[in-house]
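Q: With these hints in hand, go ahead and build the complete structure from the sequences.
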Amino acid sequence: MEVFLEGLLWLVDSEHWSGHNAIPLRVREHVLYAVTALAAGAAIAVPVGLWTGHTGRLGNVAINVGNLGRAIPDLGIVAIAAVLIGFGILPVILALTALAIPPLLTNTYTAVRGVDAEVRDAAVGMGFTGWRLLRQVEIPLALPLIFAGVRVSTVQVIATATISGFIGRAGGLGRYIFDGLALLDIPRVVAGAVLVALLGVLADVGLARLQRAVTPKGFAAALAEREAVASPPGG
Amino acid sequence: MITFESVTKRYPDGTVALDALDLEVAEGEIVVFVGPSGCGKTTTMRLVNRMVIPTSGRVLLDGTDVAEREPAALRRSIGYVIQHTGLFPHYTVRRNVGTVPELEGWSRARREARVEELLELVGLPAEVTERYPHQLSGGQRQRVGVARALAADPAVMLMDEPFGAVDPLVRHRLQEEFLRLQAEVRKTIVFVTHDIDEALKMGDRIAILAEGGKLQQYATPRDLLSDPANEFVRDFLGEERGLKRLSLIPVSEVSAEYGPVVYPDDDRAVAERSADAAGLDWVVALTEARVLLGWISTHELVDGPMREQQIRPFGLRVQAEDSLRAALNAMVTNHSEVAVRVSEGDVYEGLLSQQLIAKELD
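So the protein lines, in turn, are chains A and B.
Per our numbering, the first sequence starts with residue 170, numbered consecutively.
Per our numbering, the second sequence starts with residue 29, numbered consecutively.
Fair warning: there could be bad hints in the mix.
[Claimed, not checked] With the C-beta cut set under 8 Å, the calculated list includes, among others, these residues of chain A facing chain B:
no., residue
1, V288
2, G294
3, G387
[Said to hold, decoys possible] Taking beta-carbon pairs under 7 Å as the criterion, some of the chain B residues facing chain A (in silico):
no., residue
4, H112
5, V128
6, G266
[Said to hold, decoys possible] Cut-off 20 Å, straight-line C-alpha distance, at most; resulting in silico cross-link-like pairs (SDA-like, lysine to any residue):
no., chain 1, residue 1, chain 2, residue 2
7, A, K386, B, R122
8, A, K386, B, T157
9, A, K386, B, V156
10, A, K386, B, E158
11, A, K386, B, Q163
12, A, K386, B, V370
13, A, K386, B, D293
14, A, K386, B, H162
Simulated from the structure, these hints should not be mistaken for lab results.
Keep in mind it's a predicted model, so treat the numbers as computed, not measured.
Think of the CB as a built atom: it goes at the ideal place given N, C-alpha and C, for glycine as much as any other residue.
A: Written out as structure tokens, the structure reads:
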């Protein structure tokens with residue numbers, strides 16, 4: 170408890186809010202790494218997930234790649250990347266990207282596959298072609314679930330981006346944690362951990378809002394209704 | 029016109045969904061495909077808009093093989109209604125109904141005018157226009173489904189159990205309304221159902237299919253009921269085949285007996301003679317303009333013209349467009365041998381007896 174308090178005191182110390190190791194700077198770096206990795210991960214996982222989900226082809230591959238990615242420890246990926254590319258921020262970004270992909274890929278694939286078969290059948294029967302079907306029907310109806318994947322990936326990536334301070338010898342909030350450990354400056358470690366946790370929670374809350382915003386209007390209510398029906402009364 | 033030319037559909041696992049079907053759907057008719065599950069009725073319907081590709085044989089639309097048409101364009105030219113409507117949950121009613129016009133690139137103004145017209149046509153109030161499907165009742169959703177299929181005014185409509193997802197009461201009303209609508213729009217319709225009563229009600233012609241997609245009989249509802257081709261058809265039609273047939277025959281097809289009629293100025297002797305001639309102990313009292321007043325018992329006749337007699341109202345009146353089944357049902361429940369047939373304004377047209385109806389069943 171005392172350690173925690175000391176950590177909080179470290180956080181509010183004005184000395185730590187300016188200079189080359191300032192909290193705002195580290196937060197910005199951390200966010201930058203996470204956003205870069207998430208953007209790269211999404212750029213790969215979402216199109217692949219959409220395509221496999223839309224065509225129904227290679228669906229097992231998408232799921233298995235997703236599961237495989239989850240099974241490999243993050244630190245292992247970083248280690249491999251470090252061995253292959255050397256130290257620096259690049260292996261960290263690569264590792265984080267690899268980490269971001271599985272939830273995005275599996276969720277996107279499952280979301281598109283999960284679009285009501287009757288709705289899809291009606292669309293095709295009325296003359297929707299592949300691209301239009303994807304854009305006007307499948308993507309809008311899959312968005313809530315795709316966004317759930319984005320949230321999972323984001324929280325994971327923000328938490329894991331701390332390894333930048335270990336292997337990358339780069340910036341980010343990981344610096345506080347790993348430097349603190351090296352210097353046996355425990356309040357600094359606690360402060361770093363608190364900041365990472367805070368960032369994760371903030372990102373999740375923000376994305377939850379965004380998720381509600383992107384859920385198509387009529388569909389949101391329909392989903393809520395379905396959930397209400399699915400959960401037992403009073404339970 | 030839709031023509032099936034020895035169409036067979038066999039799936040890779042060897043299941044035969046349709047076996048050498050030869051059939052023609054005439055312009056402006058509702059043809060119902062009916063049969064137990066697994067009889068290939070839905071598959072057959074989906075051959076028309078290329079949602080299913082035949083293994084062999086051809087499906088012609090107005091003489092052109094559908095295989096030669098570009099699938100999306102073909103589908104946009106054919107109305108498509110499926111069981112649970114498949115409405116887009118993320119589109120309002122307006123956008124759902126305007127889907128095909130949008131695909132066809134109609135202007136916004138033209139689309140909106142069409143949507144308005146269609147909602148009225150299918151009996152939906154204007155206030156549902158901006159609602160989402162989940163905000164509608166089951167019956168309203170099915171109406172939207174029908175409106176959406178009609179949007180680009182297709183000559184051909186495919187309907188797969190379009191009224192299957194609502195309770196019997198609503199279904200009955202939707203069926204009636206759809207028949208009235210069809211009398212106006214005269215589409216060529218392939219209608220799929222597993223419910224023989226719905227088939228008999230909706231179909232101009234009915235194709236009964238058995239498991240493995242074998243056509244058992246293709247005939248009008250009345251021919252089907254009077255001459256079932258085989259045991260399968262007989263079983264599928266169920267018991268009460270005769271009664272079902274009566275429900276398809278309107279009262280107007282049975283010539284009513286003239287009956288013992290009297291007018292206000294007729295005297296007691298005329299009434300007694302008429303009753304005797306008909307072998308009844310009552311007469312039908314009419315005005316000079318032949319409007320029905322009621323009946324007079326010969327036992328209650330007093331001296332003087334008919335206008336001074338005790339006239340009792342008839343319990344049962346039937347009209348030309350009522351079915352014989354409804355007429356018979358009314359007679360049986362009212363313990364009456366006869367019903368009076370009247371036209372609009374209660375003008376007398378004759379007497380309908382159980383005997384006359386029974387003759388139809390022979």
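Q: Each hint needs a verdict: does it hold in this structure or not?
A: Consistency of the hints with the structure:
Annotation: interface hint on A:V288 holds; nearest CB of chain B at approximately 5 Å, less than 8 Å. With a cut of 8 Å, the hint placing A:G294 at the interface with chain B holds, because the nearest CB-to-CB distance is about 4 Å. Taking 8 Å as the C-beta contact cut-off toward chain B, the hint placing A:G387 at the interface holds, the least distance being around 3 Å. For B:H112, the suggested interface contact is upheld, since its CB lies about 5 Å from the closest CB of chain A, less than 7 Å.
Interface restraint check: B:V128 against chain A, minimum CB-CB distance 6 Å, threshold 7 Å, status holds. Annotation: interface hint on B:G266 violated; nearest CB of chain A at approximately 30 Å, more than 7 Å. For the given pair, A:K386 sits about 14 Å from B:R122 by alpha-carbon distance, which is consistent with the 20 Å threshold. Between the alpha carbons of A:K386 and B:T157 the distance comes to roughly 15 Å, so the proposed pair stays at or under 20 Å and holds.
In summary, the hint linking A:K386 to B:V156 is supported, as the alpha carbons are separated by about 15 Å, within the 20 Å threshold. Simply put, A:K386 and B:E158 have alpha-carbon atoms about 12 Å apart, close enough for the 20 Å limit, and the pair holds. Restraint check for A:K386 and B:Q163: the C-alpha separation of about 12 Å stays at or below 20 Å, so the hint holds. Distance restraint check for A:K386 and B:V370: the Cα-Cα separation of roughly 55 Å exceeds the 20 Å cut-off, and the hinted pair is therefore not satisfied.
With a C-alpha separation of about 74 Å, the suggested pairing of A:K386 with B:D293 is violated against the 20 Å cut-off. Of the supplied pair hints, the one linking A:K386 and B:H162 holds, its CA atoms being roughly 11 Å apart against a limit of 20 Å.
In the structure shown, a violation is registered for the earlier hints numbered 6, 12, 13, in ascending order.
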